[in-house]
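Participant: Protein chains in written order, with my numbering: chain A, 1 to 277; chain B, 1001 to 1283; chain C, 2001 to 2333.
If you are wondering where the hints come from, they were derived from the structure by calculation, not from laboratory data.
Glycine is no exception: its CB is placed at the ideal position from the N, C-alpha and C atoms.
Here are a few chain B residues that face chain C, going by a calculated C-beta distance under 8 Å:
#1 1122
#2 1125
#3 1132
#4 1266
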Amino acid sequence: MVAPVLEIRNLCVDYRTPGGIFRAVDDVSFSLDAGERFGLVGESGSGKSTTILALMRMLRGGLVSSGTMRLNGRDLSTLGTEEFRRLRFADMSLVPQGAMSSLNPVIRIREQIADIFDDHGVRHSSAERTRIIGDLLQRVGLAPEVQDRFPHELSGGMKQRVCIAMSIALKPSLILADEPTSALDVMVQKQVLGTLGRVQRELGAAIVLIGHDMALMAHFVTPTASMYRAGRSEFGRGRGASATPGHATRRSWINSLPSFESTAAIRRRPTQSAGAV
Amino acid sequence: MAALGNSLARLYANRSLFAGLSLLLLIVLVALIGPLLIDPALSRVGATIPRLPPSADHWFGTDGQGRDMFTTMILALPQTLRIGIAAGFISLFVGVALGLIAGFVGGVVDTIIRVASDVMMTIPGIAILVLVASYVRVMTVDLMAIIVASLSWMVAARTIRAQTLTLRERGYVAIARLNGTSGLKLIFVEVLPNLLPFIAASFVVTVTSAMLATVGLEALGLGPQNDLTLGMSIYWAQFYGAILRGLWWWWGPPIVLIVLIFIGLLLTSAGMDGFVNKRLEGN
Amino acid sequence: MYGEYVLRRLGTMLLVIFLAISINFLLPRLMPGDPVEAQLNQLMATGGGVSDITAMVESYRARFGLDQPLLSQYFAYWQSIFRLDLGVSLAAYPEKVTDAIAGGLPWTLGLLGFATLVSFLVGSLLGGLMGWPRTPKALRIFGNGVVVLSSVPYFLVGMILLYVFAIVLRWFPAGGGIPFGLQLGFNWPTVSAVLWHATLPAISIIAAEIGAWALGMRGMLVSVLGDDYIALADAKGLKPGRIFLRYGMRNALLPQLTKLALALGHIVSGAILVEVIFSYPGIGFRLYQAIQSKDYFVIQGIVLLLSVSIAIAMFILDLIYPLIDPRITAKGK
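Work out the full structure: start from the sequences and follow the hints.
Facilitator: Encoded structure:
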């Protein structure tokens, strides 16, 4: 029996505020096997991003007050600073929310991908490096020449694809995607999400996807958990969950989504079939 | 009353600001009360034996012209402060006015003001000041303030202009405009109150800039001739070779006082920086 | 792209120079009083014996073209500028102003250029380290001390240094650019003498200037560290050194360069006074001497030279900026 890639048990994250201790994540548990897609949906402030930040040790001001986080069987809290640094993007990577501002504006794309290799001790000759980076970019649907550009020369969708390319550079076993498409146009959203799904499947990595667009998420993920205001997480299988809403909030969300019949009536356009991503 | 206590508490939390303002307050108090407690006769040329080192009779010693240094310093401090503060106010007023106009009216007026301020910033301040000051027959404290103010307004103008441009587009300003509020009322009711922190910060900058220019001009000998200021006493000390002759008590005290003023200004501006910059970040 | 940008910046520089020269022309002429009369009065007071100077004043006026209408004086002024003729020194008549100033230029450039470069680079690095969370506390305290020092005007630092190191300790000379009577040449004795004399003035400027850059850089870096790309760089598992230099400092340095361009005027002003304190034979010292002797044309010539130099220096910085920030030429201004 292979250990799950990610195992989170009874995670609690607290923030210290002038008004007292604020519990942002309250007793959250879930686990992921290789290749699985896990969606985290919820309102703003329900603690979705905080969970991911806690995993990546990127909490600003927050503290993991209890619970365990295991990546490939290793307890993350036992790792030292340098050990954890080496683990980042090698075993577990992140696709950030705002790719617009997540790329260093003054250095070329090539360098920003190359430094992942360099700082994780992976050596390449210059020619090899160019080829490898060009390869990575092609896998996310970009031309290899993009590596010579600066971030401001790319569109939002392109920048997000670069971030996806960076996240798979060292072939991690877990990808954390924090609302990777929220800032993009609707059409581009589907494409980028499609790309993300494809590379994840090719890699065989597990993926945690955070989002607030239920319809988009439902097509992408297998199990879905919804977090409602730092309450306990609720488990449900993606597609099945939409059909049998249990929680009051989820019910109201689902009711607010236009059903295909009404969409057709409003727009008088053929509806898109809900194909697998 | 509770609001006042709250503000004071927050002020104390900002160490830099608190230290700076306290220091400046202390200096101003000395400048205001000091002259009432001493005998100005001791500061006249030839009052006592010249070039005496500090002693019980003369706490700061005497200078090359027989003046008691302590008395002289107490009298010179308020003069220096007068120039700096007056110049600070004048250039603040000019800077805020120009910044508001440039930001609000825009267009050609804005371009002219912007170019003017950029050009003025290019020309080394001391050069213009020297040029003007050297032509003036009799320099007085007030004249000095005006001359110095003419070169300290640019930074204030820039800051206020940048802030006005942002505020102009903010929701409540646009709404007030739609409601038909006239230009002037708009400025005073909607925009100005939000500019207050920036105006305060700019005031510290203009005063610092003015003091710097003042002390610089005076050290060159271009300061007021009749009222002794801190900078001028340094000039006279230099003129009579006090440094080379080892008469440290002649030029030391003015330097210490000037340094204290500048440290106070620096701490205050550093303290305000954190607060003001956070607002600027939002742009 | 870059070419367009260069042309635009060049245009701005020329405009600034034009305005600076015009102000330089106008300002003295708007002042009450007559330079020639004042100068002659002074010369008389120190030992002349002419009973009626009116005729002399008239002839000097004509000589300096001060009796012409303002507009033709203005054109004549521009003509002489292009001929690089800045007039003659009133005090050391008939020495040309250009000769009186030119000698001081290399001294000032050397001192100021070196001191500014060192202050900016070392100060920025220090400031960056102060803003970086992982820097040891000792360095931070030292940095704060340096920052406080920067509130003091340069020349006051100079006076203290002069007293302590030149008068009391006698480690350095008390002034001048070279020892009296030294024959200048490209040899070690000359170079070492020059450096020895320039040390205290340079330290005065550096000590007082470093703190300003450190403070600015610290603020800038702290603000940059809040940006998203720093968070992602951290998430990528990059080494802290790389994040500090290539992601943090590299971005924080850009606005600092702009500030450098704007601060040039202020730096030059401070340096002038330092030269005076140390009797360092640069432009600043000559300005001081010209003020003492009320040599208006020299004063004007120096002010002109300083303004033009600063405009050119700002232009050079403007040229460097897009090479470091790839976003500039694309955006235009």
